[in-house]
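Sequential numbering from 2 applies to the sequence shown in the numbering used here.
Be aware that one or more of the hints could be misleading.
[As the list claims (entries may be wrong)] Calculated lysine to any residue pairs in the SDA-like style (CA-CA distance at most 20 Å, straight line): (1) K20 to I51; (2) K20 to H32; (3) K20 to H31; (4) K17 to H31; (5) K20 to Q9; (6) K17 to A35; (7) K20 to A47; (8) K17 to A53; (9) K20 to V43; (10) K17 to A29.
Don't read these hints as lab results, they were simulated from the structure. Since we're looking at a predicted model, the values are computed, not measured.
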Amino acid sequence: MAFFPMEQLSIAGDAKRWKRPCDSTNEAVHHFCANCGSTVYVESEATPGILAIAVGCFTDPDFPQPQFAAWGEHRHNWIAFPESCREVQGQDFS
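Whole structure, please, built from the sequences with the hints as guidance.
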């Protein structure tokens, strides 16, 4: 996911929504394509004013490498992040 302030974005079209609890008392709302089911973006009470957009939505081959990775304890052991990427446990974005 790539994180952007909401005021930098405009959303067009209709998406289906699915709300789920997070690892805290917060909830996240997943917005996904009604045709194919792909996640497009996520809103979370944990990060108000920020949208998390699925990186697969970007077609730019020069899209920047991740700066941090959340939920590191659930990462498959075959996934490797760049040395510069800070990996956190859970959703501790601080």
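Hints, one by one, checked against the model:
1. Among the hinted pairs, K20 with I51 is consistent with the structure: their alpha-carbon atoms are about 16 Å apart, no more than 20 Å.
2. With a C-alpha separation of about 9 Å, the suggested pairing of K20 with H32 holds against the 20 Å cut-off.
3. Restraint check for K20 and H31: the C-alpha separation of about 6 Å stays at or below 20 Å, so the hint holds.
4. At most 20 Å may separate the alpha-carbon atoms for a hinted pair to count; K17 and H31 meet this at roughly 8 Å.
5. Restraint check for K20 and Q9: not satisfied, since their Cα atoms lie roughly 23 Å apart, outside the 20 Å limit.
6. Taken as a hint, the K17 and A35 pair is honoured in the structure, with Cα atoms around 6 Å apart against an allowance of 20 Å.
7. About 13 Å separates the Cα atoms of K20 and A47, which keeps this hinted pair within 20 Å; it holds.
8. Using a Cα cut-off of 20 Å, the hinted pair K17 and A53 holds, with the two alpha carbons roughly 16 Å apart.
9. Note on K20 and V43: the hinted pairing holds, with a Cα-Cα distance of about 10 Å set against a maximum of 20 Å.
10. A hinted pair counts as satisfied when its Cα atoms are at most 20 Å apart, and K17 with A29 qualifies at roughly 14 Å.
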